[in-house]
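Q: Protein chains in written order, with our numbering: chain A, 1 to 235; chain B, 1001 to 1235; chain C, 2001 to 2235; chain D, 3001 to 3235.
Any given hint could be a false lead.
Calculated lysine to any residue pairs in the SDA-like style (CA-CA distance at most 25 Å, straight line) [what the hints assert, rightly or not]:
(1) A:K180 / D:D3106
(2) B:K1180 / A:K180
(3) A:K180 / D:A3026
(4) C:K2180 / B:K1180
(5) B:K1180 / B:V1119
(6) C:K2180 / B:P1076
(7) C:K2180 / B:T1025
(8) A:K180 / D:T3025
(9) B:K1180 / A:D106
(10) D:K3180 / C:T2025
(11) D:K3180 / C:D2106
(12) A:K180 / D:K3180
(13) B:K1180 / A:R104
(14) D:K3180 / C:K2180
(15) B:K1180 / A:A26
Listed next, the stretches of chain B that the computed footprint assigns to chain C, with coverage defined by at least 3 CB atoms under 8 Å from CB atoms of chain C [what the hints assert, rightly or not]:
(16) 1075-1086
(17) 1108-1121
(18) 1143-1150
Quick caveat, the hints were computed from the structure, so don't treat them as lab data. Just so we're clear, the structure is a prediction, and the values are computed from it rather than from any experiment. All C-beta atoms, glycine included, are put in the ideal place defined by N, C-alpha and C.
4 protein chains.
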Amino acid sequence: MGDATGVGVEAPDATPDREAQTTETARLEAFSDGVFAVAITLLALDLGVPAAKAVASAHGPAGAVGLAAALLHNWPHYLAFALSFLTILIMWVNHHSIFRFIRRCDHSFLLLNGLLLMVITTVPFGTSLIAEYLQSEHGAADRRVAMVVYSAIYLAMAVVYNVMWSYASRGGRLLDVGAKPHLVQSVTRQFRFGPALYLTVLVLAFISPEASLALNILLALFYALPSTITRALSA
Amino acid sequence: MGDATGVGVEAPDATPDREAQTTETARLEAFSDGVFAVAITLLALDLGVPAAKAVASAHGPAGAVGLAAALLHNWPHYLAFALSFLTILIMWVNHHSIFRFIRRCDHSFLLLNGLLLMVITTVPFGTSLIAEYLQSEHGAADRRVAMVVYSAIYLAMAVVYNVMWSYASRGGRLLDVGAKPHLVQSVTRQFRFGPALYLTVLVLAFISPEASLALNILLALFYALPSTITRALSA
Amino acid sequence: MGDATGVGVEAPDATPDREAQTTETARLEAFSDGVFAVAITLLALDLGVPAAKAVASAHGPAGAVGLAAALLHNWPHYLAFALSFLTILIMWVNHHSIFRFIRRCDHSFLLLNGLLLMVITTVPFGTSLIAEYLQSEHGAADRRVAMVVYSAIYLAMAVVYNVMWSYASRGGRLLDVGAKPHLVQSVTRQFRFGPALYLTVLVLAFISPEASLALNILLALFYALPSTITRALSA
Amino acid sequence: MGDATGVGVEAPDATPDREAQTTETARLEAFSDGVFAVAITLLALDLGVPAAKAVASAHGPAGAVGLAAALLHNWPHYLAFALSFLTILIMWVNHHSIFRFIRRCDHSFLLLNGLLLMVITTVPFGTSLIAEYLQSEHGAADRRVAMVVYSAIYLAMAVVYNVMWSYASRGGRLLDVGAKPHLVQSVTRQFRFGPALYLTVLVLAFISPEASLALNILLALFYALPSTITRALSA
């Protein structure tokens, strides 16, 4: 049943040339881009305008700094927004990075890609969670729970992404026949450590939410840095 | 009046070649992809961060597990999210599956496609409904109503999808002239049972909301499974 | 200043061939499609899950029909959703309809298109407004105000759309050089009555909100109907 | 590490011809268009339907003009919406304006573009902020804070946009080899004053929020005006 629903499985005009293959993944990429774009923009919904009531109560007897104080009190929202935005952006770059090599897709790959998108769409949820619970009025236990959930989402992202790439690249299953082996291997090498690193972030979240967050930020910056710097660092 | 508004009805340069025809449906697919992408991403808005108040009240005298308990209490939201995400994903795969054969479109087909998109955009509403009312504090009667509405949306999806495909494929009306009959028939066969199956899900919802949900999940998994397995199962 | 910002004004490689011109409007169409897709999907956010509290209070002494009653009480939301969805869909069809003839764009046209998109994005607001105020617990005066605002949005849509088409088609300013005059004129004829019809809807809203809504629905159905029927009706 | 993730850095088939280069930026543009489209549409979410309660309290003893008064009271929301919509629209036009010249992209440029998108997605937040705090019931201090934040977002937009263009155009780094120098320089000239102008808007916000808003509106209108007028004005 699933087979006939598969994009790219037996087209009416089964032209095996490169152009047809590009079309095959083009739709998948366009749909994925849409989900990435919506998810990354929804992050900003959580920045939230302080309610007039909260601002009023933040006014001291002097009544001078109501909105400013309320906005500053929301700092975890800005931090969480920036970290999540950067991470989704990196995931989008990575997504396109592997689609430079991928020319075909099958039903299993569509589902793996769907699973990745499902995880991506939960990032705004995790972001709201830590933004709310990093604020000082919440207890340490709740802060830990929030950070564990957030880190688990990131670990899931890293794992699904690696599974996708393994599936596509093993034996060149879905790759462009002209893809150069050393470039394919460099992608494999590059993402190999993602799951282990985000597992560390997750374990840290149980011990120290603050340390977990710090490592998460460092990873995002490291992945975002231009290669000339990261190459020197990892040499 | 409607005619001149129709995409694909009498272009200024009425080139009947394949390229022009691809352009004709390309815009329809791009717009549909946009709606699918937004709808599937909006599902995650319903995951919802537990309000600080709810968490506080979940704190027992020991005050230890506030957020964790509040998150676990929200389990129907995660289940509903996963089921709806998988279903919209399958619908998107199906949508592209039939557009591999379709090369033309007319005004009626545009409206049918619009009707399908309308149903798709109501899935997040239905999802919120069952996520809220599956929770234990609501009565059995409300749970039944929620599940009936949710199942009705799915039935509408299956019906409109079949009508769309019938309209496009009858006599090859909108199909690629080179579309192979046995492939077209395999698509017809494949979706033929959708309406009956989702009607069963709907009827079950009146009797047992839990059984209806279980069957709905089974159907989504069955449609998502790779064809090699489903073929063996349906053989 | 505006000039150099203009898409399509003096490209680095000013190739006047058709391919370059298609690219010129392709981006504008893709962006517009994105706005249409997001706006049409956001309509469904207003369907709204009845709050548990509202449902509880809807339970009579017998406590039997809480959620069902609350959902039925929301009927104006479903009506407003369907009408607005159909109207945005028709506007999208119309938008693509004129872009079959348009091959160039200039700064003024970009702004006119932006103005159209601005009006489109306010449709969900107008929809929420009438959905809320059509409900029986609101007074007749508020119902009238809601319907006037909603109708004004529709009138603005019809006017901006006509101005766009006039600007593009006058003297063939932005049209494909090969566009057949009789087809261009048929588009002009077809939309000429839109502003007058929606002005009638607006005036009616002051007198009878219900009659205004009814005429609005009739117009949407008339524009949506296949041309064979509408042609007979307007003959 | 960053390098291999870069879109456009060492493709499997490293064809240096124009077609491949166009594909390189096409994905970046499509993703950016998605973010622009979602952000500009989300602006309308802030128009907000007056809550029934607010309307009821707006009813005077005569009870005549509840909803109308509540809607009129929201005028800062409409003003903020229109200004932000026009500004995002201009930014989108500018974005495409520079991508007519850009044919390659590297990791740093991807990040700069991501930074621009991040700022764009915060515009709805800033818009909600001034819409809420321009209303008369808030104090002058809060009005100032809101306008400072809003202006800072606009300044960030102007700065990041200029950095992006400098990075891409310096030495023709990412430009089409055939891009005409005088056209490239005209773009450079055109945006050079943006940061200084928006810095003025920001400084004004500390002194007089109203004057800052007025200048901001003037700038948006000036950038939106067709070039024939702006050219005469700046001559």
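Q: Look at each hint and say if it fits the structure.
A: Quick rundown of the hints versus the structure:
1. A:K180 / D:D3106: Between A:K180 and D:D3106 the Cα gap is close to 20 Å, so the pair holds against 25 Å.
2. B:K1180 / A:K180: violated, 35 Å
3. A:K180 / D:A3026: holds, 23 Å
4. C:K2180 / B:K1180: Answer violated: C:K2180 to B:K1180 is near 35 Å, above 25 Å.
5. B:K1180 / B:V1119: Measuring from Cα to Cα gives roughly 30 Å; hence the hint is violated.
6. C:K2180 / B:P1076: violated, 58 Å
7. C:K2180 / B:T1025: holds, 22 Å
8. A:K180 / D:T3025: It holds: about 22 Å lies between the C-alpha atoms, which stays within 25 Å.
9. B:K1180 / A:D106: Judged against 25 Å, a Cα distance of about 20 Å means the pair holds.
10. D:K3180 / C:T2025: holds, 22 Å
11. D:K3180 / C:D2106: holds, 20 Å
12. A:K180 / D:K3180: Outside the cut-off at roughly 35 Å; violated.
13. B:K1180 / A:R104: Holds: B:K1180 and A:R104 sit about 21 Å apart, inside 25 Å.
14. D:K3180 / C:K2180: violated, 35 Å
15. B:K1180 / A:A26: Distance ~23 Å between B:K1180 and A:A26 Cα, so the pair holds.
16. 1075-1086: violated (count 0)
17. 1108-1121: That given contact holds, which follows from 7 residues of the segment 1108-1121 of chain B lying within Cβ reach (below 8 Å) of chain C.
18. 1143-1150: holds (count 3)
Hint compliance for this structure: hints 2, 4, 5, 6, 12, 14, 16 are not met, and every other hint is.
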